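Protein sequence lines, in the order shown, are assigned to chains C, D, P and Y. Per numbering that gives the first Met the number 0, the very first residue in the first sequence carries number 0; after that it's consecutive. Per numbering that gives the first Met the number 0, the very first residue in the second sequence carries number 0; after that it's consecutive. Per numbering that gives the first Met the number 0, the very first residue in the third sequence carries number 0; after that it's consecutive. Per numbering that gives the first Met the number 0, the very first residue in the fourth sequence carries number 0; after that it's consecutive.
Everything labelled a hint here was simulated from the structure, so no lab data went into it. Since the structure is predicted, the reported quantities are computational estimates derived from the model, not experimental observations. Keep in mind that the hints are not guaranteed to be accurate.
No distinction is drawn between identical chains; accordingly, a pair holds when it is met within one copy or between any pair of copies.
In the SDA-like style, the derived pairs of lysine to any residue whose C-alpha atoms are separated by at most 25 Å in a straight line are [what the hints assert, rightly or not]:
{"id": "1", "residue 1": "Lys-205", "residue 2": "Leu-168"}
{"id": "2", "residue 1": "Lys-450", "residue 2": "Gly-123"}
{"id": "3", "residue 1": "Lys-100", "residue 2": "Thr-209"}
{"id": "4", "residue 1": "Lys-100", "residue 2": "Trp-193"}
{"id": "5", "residue 1": "Lys-230", "residue 2": "Pro-317"}
{"id": "6", "residue 1": "Lys-102", "residue 2": "Arg-200"}
{"id": "7", "residue 1": "Lys-450", "residue 2": "Pro-121"}
{"id": "8", "residue 1": "Lys-102", "residue 2": "Trp-193"}
{"id": "9", "residue 1": "Lys-450", "residue 2": "Ala-349"}
Number of protein chains: 4
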Amino acid sequence: MLFERIESTGLAHYSYLIGDQHEALVIDPRRDAEIYVERASRAGYRITTILETHRNEDYLIGSTELAERTGANIWHADGELPYEYGAAVEDGQTWSVGRLKVKALHTPGHTPGSKSYLLHDPDGHPWMVFTGDALFAGDVGRVDLVDVDRKEEMAEMLYETLFETLLPLGDEVIVCPAHGAGSVCGSEIAERVWTTIGLERAHNPKLQHTEKADFVAHVAQVLERPPYFRKMEKLNLAGPPVIGPLPAPTPLTPAAFEAQMDEEDAMVLDTRSEVAFATAHVPGALSIWDGGLASFAGWFLPYDQPLLLVGETDDLTPVMRTLARLGYDNVAGYLAGGMLAWHMAGRESASIRTVTTRQLCHRLDAGYDAWVLDVRSDEELAAEGAIADGHHIHITQVPERLAERPDAIPQDRTIYIFCGSGLRSMIAASYLQRSEAWDGEDLVVVLGGTKAWRSTSCPLR
Amino acid sequence: MLFERIESTGLAHYSYLIGDQHEALVIDPRRDAEIYVERASRAGYRITTILETHRNEDYLIGSTELAERTGANIWHADGELPYEYGAAVEDGQTWSVGRLKVKALHTPGHTPGSKSYLLHDPDGHPWMVFTGDALFAGDVGRVDLVDVDRKEEMAEMLYETLFETLLPLGDEVIVCPAHGAGSVCGSEIAERVWTTIGLERAHNPKLQHTEKADFVAHVAQVLERPPYFRKMEKLNLAGPPVIGPLPAPTPLTPAAFEAQMDEEDAMVLDTRSEVAFATAHVPGALSIWDGGLASFAGWFLPYDQPLLLVGETDDLTPVMRTLARLGYDNVAGYLAGGMLAWHMAGRESASIRTVTTRQLCHRLDAGYDAWVLDVRSDEELAAEGAIADGHHIHITQVPERLAERPDAIPQDRTIYIFCGSGLRSMIAASYLQRSEAWDGEDLVVVLGGTKAWRSTSCPLR
Amino acid sequence: MLFERIESTGLAHYSYLIGDQHEALVIDPRRDAEIYVERASRAGYRITTILETHRNEDYLIGSTELAERTGANIWHADGELPYEYGAAVEDGQTWSVGRLKVKALHTPGHTPGSKSYLLHDPDGHPWMVFTGDALFAGDVGRVDLVDVDRKEEMAEMLYETLFETLLPLGDEVIVCPAHGAGSVCGSEIAERVWTTIGLERAHNPKLQHTEKADFVAHVAQVLERPPYFRKMEKLNLAGPPVIGPLPAPTPLTPAAFEAQMDEEDAMVLDTRSEVAFATAHVPGALSIWDGGLASFAGWFLPYDQPLLLVGETDDLTPVMRTLARLGYDNVAGYLAGGMLAWHMAGRESASIRTVTTRQLCHRLDAGYDAWVLDVRSDEELAAEGAIADGHHIHITQVPERLAERPDAIPQDRTIYIFCGSGLRSMIAASYLQRSEAWDGEDLVVVLGGTKAWRSTSCPLR
Amino acid sequence: MLFERIESTGLAHYSYLIGDQHEALVIDPRRDAEIYVERASRAGYRITTILETHRNEDYLIGSTELAERTGANIWHADGELPYEYGAAVEDGQTWSVGRLKVKALHTPGHTPGSKSYLLHDPDGHPWMVFTGDALFAGDVGRVDLVDVDRKEEMAEMLYETLFETLLPLGDEVIVCPAHGAGSVCGSEIAERVWTTIGLERAHNPKLQHTEKADFVAHVAQVLERPPYFRKMEKLNLAGPPVIGPLPAPTPLTPAAFEAQMDEEDAMVLDTRSEVAFATAHVPGALSIWDGGLASFAGWFLPYDQPLLLVGETDDLTPVMRTLARLGYDNVAGYLAGGMLAWHMAGRESASIRTVTTRQLCHRLDAGYDAWVLDVRSDEELAAEGAIADGHHIHITQVPERLAERPDAIPQDRTIYIFCGSGLRSMIAASYLQRSEAWDGEDLVVVLGGTKAWRSTSCPLR
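The following block holds chain C by itself, in its conformation from the complex (with noise of 0.2 Å):
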């Protein structure tokens, strides 16, 4: 038997391998989509099924590429839409594998035509159950993506499916979700990293409102939306593109790297970490670190622009991994020996103030000026406290609120930007940087944020 959850980070994506008797199929596979077909095949497996649970929005579905590999059947779960690929799931059909059968279950709350797996053992026992975006480790899909207006209308399938169709199954039967703890699908997933339906009904604080309208008032609530959101929905109807092997990203000199800089539009994205970058940048470069990738560019990165990467060594596989899992195909290449040789090549490059908590608190006791912005969300403000005087934008809100008001962060000030940690800061710094829309100069990174903060003598006023 071959039972293997293969996990992106970034994403905190599960992707499932499950096999018997050199037969297998995955469970919403990744488009980086070799790990499957490799892990298959030394084991002894075929690949012949792919399920989803939904259509996904926060990643490209490695469906067609795995397919394209393997020969595998597509089976989409939301089968009302026109996908142009692969074939919809009936509600309780079965698969089989060997000696295992999956039976899919309609679950629907977080899209109206989301289903679940649910696995029976050798023994024909229901053992675990996939669901996708329905049901995680601490908390539910949710319910606001596909139609932010009918929310009250999906919160209460998804109490449907929660109560009367998943929890039923048993307090036994273990859970494999789609997404860990760290997903932009749900902010309060928690660090369970394998869970049961029992676990859940006790400890998910979403599966304590057991009333219905207690339930939907808690969960139909309205999120953040990426704005590549879009584009995942329409590629994953249409099928994403084909690309097979993970494509390596051109080295560039210095001199190659602006060409492609002034020539081609391109944007310049640094995925070092944020002190790294607060040194020295390629002017006009947007920061990313590496690890926030996933959750960050489809915020930041157009479509329609190529890329230009900085990393901090030449072997940039990670970045292009989680830039092709979000469709970013366009990566014109890459900056050959880093910073270094940007600069041992003469080139200018720009820098980003920083502060550490105790040398702010001397300023802010000397009197300095301080106009403090907070990128944090609104869940950690309300968790972990406000700052006094702070002004509150969420960095992901920061390029719309500069759009609609050029003085929503003023350009007469030093601006000392917080977050929970500094990674974030420095993303909305740069940002602002590089913003023909804003044209101040004096913006501080906060090492450390407000976790630093918090641990200081000198709280902001």
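With chain C's structure known, arrange chains D, P and Y on it following the hints.
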């Protein structure tokens, strides 16, 4: 957070690496322990604690090996035994790694001092229980190992462990045992590669005997006890010798191999397939195919003789790994270039005849005189049916039976040897062929064994 | 700087990845070309140029595959041939990667348009010469492939190439040929894994013939020409089909395997050892042990029949790799679980008898009637001596000889088959056994072959 | 046959694994010696012999480590030294592995007892010579290490070694030295990654001085001698401590890290890029970027203080590897989570200012007062030109110079630090910043260094 189940094939042994906030613990480490250090270290964790669920009898525990590498503290279950290293766990004792808490539960039955470890999730909820050899997927630990005469007493303890300590943890709790399907520690372990208390409560055959007396009657069985268990028990008390990285065996030319056979009185172990062994092997070699080595080495390989290896290729890493886990540290070398080199050097080889079931059929129809030796286990016979006119000696009992009564297997007849597939038959054939107590010649291994036989139209009379 | 020799075992093919300052070129890439992309990309290089030393006949060139992945330009030697892709190299043409310069040298002889490439070091000194199939360690390229009737003419060209173009480069220049020892392209290639002009001048037997006529007389030999060469030549002109990542073969149950045999008229290729094949194989299977596949596939495997594989394990990656290099893209699947699964499913297998030399000795002494078939090459016979009373047919000529004259090998006698080791004997035995033209039954492979025979005290009469 | 050159980056150290017929030898093994065992063992070879070309001074020899794992015999060059292990090589001594023969040549000069090893191919022809530190590509060994006062005498020995022993081997012989470009053992080693006697005779600048006196005059230079050399020499005589598998450093929380700094008086080593270090580092940390660690650790890191590491990621394997090769075995741990964790825990960090060349230009144009410290080597100054008004102290001399004369670098001025790129400047800046002898504050690292400066239109006056 870090949670990894490390699966050691062959022994079907599961160990667990669990960490949070840069600290980690390992439950029941294996002896080739580099894997824990590598995985912990790559993820930024330090292993500080080693927990054992019981004094193991089927493999050498890796606690000393891992402590040598990491400085971790070793905690023994069965703490009343005279361990020469580490400290004894107390019932209810707790350990923390980061935000995770682990609590020892006294769960005797398999051994008098067995412990299980209950892991709580970061929010403090009971989450997983590491049951060692108390509870498996589909089976429970055996109770006859510590003292065959106390097996009813142990079974009663196990009843209380299961029904009063483990099942009450709740159906939703995930069960993490020390073995999966294929282990010598539980012949009926299910292929349910992940399981829960509730799945076991519902589907574990042994747990259906909810009355104590009934349970004891079903569980207090005397099962086979491989002779190497005593060695493991002794070494696990004293602390297994620290070997460091897995040793590479010495390549030997045919001449050097032959010299070692003569001078060192070494035993030749051939881990190739049954069909390759059949055509040609070093005279006197014992056949145990590589996949069966973990299960059968302990029955057939002596600890006081050096081993000489013959394999399919010159990379014998998996074989060395299995031997190290079982404490066979005295490997004198291997035949470099394999049987091809042996033959090209003009060395003589021995062979063992084989027959397909159809060929055997024809012979039987033609009136050939056949003495059928069936080396399957009692359980297999019960489940699959005996062969009419077959003589049953379980493969593991062949040495003893032959020692007791040299004519247990007639030496003047053609012996057709059956097992489920042909693999164990070849062990038996090679054992007989090399045995001084046995002087017959006409050994024939039935390829495909009873599985093949059942699929033909010519059943044995 | 980047300099890597990529060695492809089996074909003993050498290709080269050379780069400087983020640019790289590849000389004579193999078809499974991911290795160049991975190594270049990991080191921060972009492959921009592909150079071929000649139109290859012994394997599919990877130029199209690599260009598809990298966008590199393809440059052909033998540019007068009607290539359907790439551009023709001109004598004296140069390319640069970073500070390194490569210059084309016209070095005909193996083919009329063969080129060598002279690499200069960063300081501009001649450093290494990539000689393709013109000059090997210990041997020179064969001259009979393009047109057997022009072999003297080609040998004269090769003489000039060697003595007037290559040797004058200087003793100190490092020679980088397209093949190492074991290649079908030069039977006498030495095991000098790195060599220089001076080492070849001094020790290459062919280069000791410094007089043109003498050289031509020694070099203008007609050697064997595997039938697949024509296919390679044709595909290398047209551009080999791009396959992308190495395909994984389909695992087949015994029933599905059997069905494919029947319905698709597929040929069964068994790559296990000769001893495993001897005991049991799928009836009709052809034996070519995995290590010999690159050398013998082209003689025995058809391009117009699907292949079905049987291997030692379920991981057939190396076999698939070799088949892809030779253009065998039509693999219908493999027997999952191998012969063990076949037998357990009750399928019938065939066998081939074997004998050790000592046993054969006894039989000969006892007056057995033996017809000895010696399948070694002419060169081996010349070097090692013929077997008295042996009948010599080189393994590669067996099919043709049998086709010409069905009684070339008597069908009413026991045939003892000899080669150097027993491996090629098993190819011959399996070929005869499955051949419709051959109706004998009594085939015996001599284990250890003539190597073993020479070491016994009972020489063949 | 087995021939592998093992390249250790950083030290640019080459060692060699050579085998035939299952036996292998290693020349000048490195201390992290698992690579030899793994490669030999995977290929079916047993390492029986370890040959040293000289008593090494720049790294710890891996002979004891490798002998511990394999039982191989250790043979020392410089055998007149009081080695506490192994045996002394004699001039002309030979060893065999399979058909290969190796012969010791007495080649003094770098050390009085240096040996080279001449490898013959399977046919017995001289093939390769392993020259240790006698002859490199483009350079020869230094002669001032053993006794600076005997450097002329040693240079004369080296002259004879080169012109009377090595060059006469013949232009065609392949030269395999102990170091490639980038080694501290030869500042002018060429990037000719493979070379021959003839290439060196023609292109090695030192070998153009064919008159003895002329040669001696050019070669008998006093070069820098890192202080750690004495430690290496001593340990290499005694036998370096056997460490087994490369140790994994302990992850430390910011609090634990800080505690170690205080209690253990540990030194903080930060291996991140110069730009990341500039923005923020643990106060007191020394900056040596990872790629420069092998070259500069020995100048700046003490052996009698524990080290605490700060890296770009939590995987510090490459850093630990380099430290082990240099004998820095006392690593107390590393800052888990890096500077981000440090800041989030509210810890204070220090920074160092940087400037691009264009910015510096503007400041100079604007009349800023600048004191330029140029830390390049004499050779670089000679080759690339000095900076007008620059004050030159080679980076390796900074500690000594400062110790001699605290005001060697003025403390009341802004110090602009130049090297070739900015990397070594950051070492200097961090050294000054943490030094008690230095009390200035205004240190500015020039990004891109003189390479950048040369490419701007504003030369330093």
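Evaluated hints:
Taking CA atoms no more than 25 Å apart as the test, Lys-205 paired with Leu-168 passes in both settings, with 18 Å inside one copy and 23 Å between copies. Proximity of Lys-450 and Gly-123 under a CA criterion of 25 Å is satisfied inter-copy only: 23 Å between copies versus 50 Å inside one chain copy. Taking the shortest alpha-carbon separations for Lys-100 and Thr-209, neither the intra-copy value of 31 Å nor the inter-copy value of 29 Å comes in at or below 25 Å. Taking the shortest alpha-carbon separations for Lys-100 and Trp-193, both the intra-copy value of 21 Å and the inter-copy value of 16 Å come in at or below 25 Å.
Taking CA atoms no more than 25 Å apart as the test, Lys-230 paired with Pro-317 passes inside one copy only; the shortest distance there is 22 Å, against 40 Å between copies. In this homomeric assembly, Lys-102 and Arg-200 come within 25 Å of each other (Cα to Cα) both inside a single copy, at 22 Å, and across copies, at 23 Å. In this assembly of identical chains, the alpha carbons of Lys-450 and Pro-121 lie at most 25 Å apart only when taken from different copies (19 Å versus 49 Å within one copy). In this homomeric assembly, Lys-102 and Trp-193 come within 25 Å of each other (Cα to Cα) both inside a single copy, at 21 Å, and across copies, at 19 Å.
Taking the closest pair of Cα atoms, Lys-450 and Ala-349 come within 25 Å of each other only across two copies (19 Å); inside a single copy the shortest separation is 27 Å, beyond that limit.
Hint violations for this structure: number 3 only, all remaining hints satisfied.
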